[in-house]
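Visitor: Residue numbers (my numbering), protein chains in the order written: chain A, 1 to 428; chain B, 1 to 428; chain C, 1 to 428.
Don't read these hints as lab results, they were simulated from the structure.
Among the hints, a few may not be true.
Copies of one chain are not kept apart here, so a pair can be met inside one copy or by any two copies together.
[To be verified] Capping the alpha-carbon separation at 20 Å, the derived lysine to aspartate or glutamate pairs in EDC-like fashion look like this:
1. Lys121 to Glu356
2. Lys392 to Glu140
3. Lys95 to Asp208
4. Lys95 to Asp294
5. Lys95 to Glu356
The structure presented is a predicted model; accordingly, all values stated were derived computationally and were not measured.
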Amino acid sequence: MLRAEQNELLTRTAPQAPMGAMFRRYWIPALLAEELSEPDGSPVRVQLLSERLIAFRDTEGRLGLVDEFCAHRRVSLWFGRNEQCGLRCAYHGWKYDVTGQCTELPSEPESSGVRARIRLKSYPLVERGGVLWTYMGPPEHQPALPEYEFALVPAEQSYVSKRLQYCNWLQALEGGIDSSHVSWLHGDALRSDPLMQGSRGNQYNMADVMPVFEVADQPAGLFIGVRRNAEPGTCYWRITPWCMPSFTMIPPRGHHPVHGHFWIPIDDESCWAWSFDYHPTRALTAAELAAMRDGKGIHTRTMPGTYIPVANRDNDYLMDRAAQRSGATYSGIAGIAMQDASLQESMGPIVDRSAEHLTMTDAGIVAARDRLMRAARALAEKGVPPPGVDPKTHAVRSAAVILPSGQAFREGARDALRARANIPPSSV
Amino acid sequence: MLRAEQNELLTRTAPQAPMGAMFRRYWIPALLAEELSEPDGSPVRVQLLSERLIAFRDTEGRLGLVDEFCAHRRVSLWFGRNEQCGLRCAYHGWKYDVTGQCTELPSEPESSGVRARIRLKSYPLVERGGVLWTYMGPPEHQPALPEYEFALVPAEQSYVSKRLQYCNWLQALEGGIDSSHVSWLHGDALRSDPLMQGSRGNQYNMADVMPVFEVADQPAGLFIGVRRNAEPGTCYWRITPWCMPSFTMIPPRGHHPVHGHFWIPIDDESCWAWSFDYHPTRALTAAELAAMRDGKGIHTRTMPGTYIPVANRDNDYLMDRAAQRSGATYSGIAGIAMQDASLQESMGPIVDRSAEHLTMTDAGIVAARDRLMRAARALAEKGVPPPGVDPKTHAVRSAAVILPSGQAFREGARDALRARANIPPSSV
Amino acid sequence: MLRAEQNELLTRTAPQAPMGAMFRRYWIPALLAEELSEPDGSPVRVQLLSERLIAFRDTEGRLGLVDEFCAHRRVSLWFGRNEQCGLRCAYHGWKYDVTGQCTELPSEPESSGVRARIRLKSYPLVERGGVLWTYMGPPEHQPALPEYEFALVPAEQSYVSKRLQYCNWLQALEGGIDSSHVSWLHGDALRSDPLMQGSRGNQYNMADVMPVFEVADQPAGLFIGVRRNAEPGTCYWRITPWCMPSFTMIPPRGHHPVHGHFWIPIDDESCWAWSFDYHPTRALTAAELAAMRDGKGIHTRTMPGTYIPVANRDNDYLMDRAAQRSGATYSGIAGIAMQDASLQESMGPIVDRSAEHLTMTDAGIVAARDRLMRAARALAEKGVPPPGVDPKTHAVRSAAVILPSGQAFREGARDALRARANIPPSSV
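Required output: the full structure, derived from the provided sequences and hints.
Guide: Printed below as a string of structure tokens:
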């Protein structure tokens, strides 16, 4: 349970908000690489952390992410022409390069010096791992590029998708670090989803509904370990790394790829749910890729030309009460992604956390909120950089392991939780 | 004409508002019985008096009306599974019985005592007369069940429907106690509607457009009598009982059933228009039932799977100017229900009553507002229970009678205004 | 660039706002004549300057523009019956004439005097030039009818249309007096639009992208002259009259008709874009009229039964990136009207003018804002009537002329800028 002002602190990410300042210290995903694949292609509207921006790729292939609105009279550059090495406003022909610098201002003589002083707000936009990343904070604090393992493996080893979610980013993140709901909400997926089914761990997952949470600090955030009974004398551990502010990885299952998410604020009442699958040591198979594209696993089908899920709040997520009754799906909603999103959106755009009743299985959520609030305050009050900014801290993995009863996961899974080249994930 | 603060007092019914406290002293209709007909059927979202609730019928047929949101992390229980004697949240499997008591909290050991302390806000839900009634006030003040005559007669003698109306409840109620608009807006219905046409009274109704209003107190609220000229030396009286807070009955016409309404706030800008027909001494005929289901009389056709009228504000109520011009309908809108709703909604969600100009034929409206404000204030300031809470006060009837000129309706129609077993309505 | 309070002053036109008071000193277009063509036809909802009104034509052909809501209980008179010389409310039969006077109040005896005291707010509504004009200000200040040339020529010489625009009126006006964007945004239209193409002036328009603005006061507002290079020793001048508050005329092109606009606030976030074509000395040709009706020139195609453009914000104005790339259209949007509207709406409902960077080619915009603010303040503070109220000041024309280098347009185009009977426009 939180006080109202704590909820405000955690959920608001516009430029002036403390959590907004904190988010702006990280590289965050802005677009799928496929959205800006062609030089001189169509510019794309982007809203992140309550700022409206426009992204484009110029003639030389350079990427730009700049204020959506022309400096002159504030018309949207979405209507602009992506011309020779610059985006030209359709109204009066002002042209900007990928840094936001005005490079042509046709109605003014160059000698006036006006053009040179016109520069749009702009942020770096860099491709890595199929994602275009941006950094929206103070240039002097810009860290090196992110080194999450999924983004560093060869392209054939990973797959990334995104979908629009109609709620505050924190509700989505909290679902991502909540290992205890899987046995309930996603029980059907553990049995039947082609990207989830068939591991031995799934049986432990379903059999023990009273898991024990243990949370441990790590440089970028937390490891959230969840222990369930396995064979006598042993425990089944599922361990979720959370890297601040909102990068999470789902513990793997048997031979399947590893999954993960980013939850990125669009504004305070909507976010992008980024979803990736990767395998550290092998290419994804054709069957796996086909399943991902078909919305299986943690992905979902979206409406053509958009990233809006086919099943969404406007159609009650295609609730199927017959499937719910038969148990074909637990909640009546199909697919892990929309099972989560439907419930998270049902809380309202920003849930009232003063009305919660948390229990021991919410230990990961409680700890993550605590770390977020502490980091946001330390940054606001003392300028302390938040954890997880340094890419060296990104080399973590999720893991699903069997350990002897009594052994702490930080010890028994120490190596399993590090990203190590050419070493497969620890996956039961 | 009201002052702005009086309008606020009358129209706001959320938990903290004085009128909200007053509404919470009555049993009010929550659902049609048909909406929760099956044990373990689908749960139903209900919003009443600005509170979001979920209704369900359990395995044993018991009815529950509880907070829509799980106590744990506030996800909607609409996605829940209606299982063995309880509704189970789809997120983490918390299960609640019809009283809101948490009966299973799988992730906590029972010995912790956590589960026993978790209880959702809940209200009683009781079937009577085809309606599921609830009482949302202080348990210690819960009255006996309502005894409106329509709800006590055998099932074959009554029919109930409901529809969504996009305006504050009071605008709808004021239409219900406004006998003077019938000659205008509903003139076509008096001529042609199968549930209205053909009575002698209709001729008086249409012939005298300057009716005289007389309002009399009764224990539950008011009798609003409207006198029109009939044959020399006689008057035609139409008398509408209003039982607080918003139960009204339309005076009957010839052999037709008696009609009535409840206007129940969903929030401050929308309400349920409940509409019933019944006959105190005979079954409704197959033709009458067919007409009601077809949206005749005071009922209306709604979109499949919803209680939203087919003719609504989004389609200008299917305005037919040709029918308006020809007089086939007076306003161009078809059907009594939508004739009323279209005008009431056209006032805006909450009409500005400081801009009205009331006349003598608004005497019923003026008196009802006065009683509502007095009762709300007496409850808020002195804890005085409002009129109409005691079911003994519900045994009233509407009546349409011919009385000698000069006789007061309270005297001449005294018996006609009481619900009496096996005695047909006084209907001219 | 403006300060926030200046932007408020300029953009707000509800009754209490200073700019609202100023707008209310002028006759403004309310409806197309075709919208109220028949005696006793359907009443029409009209919103102007944030006031909701209803317009109707009575049995005798008289026009009325009155409060949308009945004085009695505030239901919309849109549902009313347009009967014998009056609009009758559908609720209780109150009837109003075109002046807003209640002429029948059936439920009250005439002797009570109530009816005579009931009068709706009403404004004059007068047809001139295919437009129904209204004056919403103090009756004692009502000026003579407008005498814009387009409205005085014989009907066969003019054509008028309107469309809904989703932004504040000032954004639209500023587009109308911004001659510098034509070379960019509308370049394709100058080449191919049947109502624009083929004049010698167009070549100058396209060739010189660094036009020089000169602004001169005139009794009703401004002349905004824009000079471009023509043959050696000569200049091509395009001169736009702006008559306060929002009447503009586009300089003509060759043999084509002259175009103009009114931008009339509906509320503070939407406006009517009125568009007219006329020729001072000849009838419009059948081909010209066909092109106008087809949405060419400054007109646009609207959805049947509405004045909402087919290409609008909900469909991204039917953006065609292939046409943008090929240059078939400059911005990818088809048609001058929606090229302008798409950009003006993209600024948001009320653009933040504190974030602009104006240049020399915005001289007309800067001057117009200055005149508007001065006039609104002079009216509010000292009761000074604003410029352009007197119809004698309306006899202006736009002009496109070649002048010797060095000659001021106020001198060289003095006659060209006056409306003169039987004299064609000065059009290069």
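Visitor: Sort out which numbered hints this structure fails and list those numbers smallest first.
Guide: Of the numbered hints given earlier, the structure breaks just one, which is hint 4.
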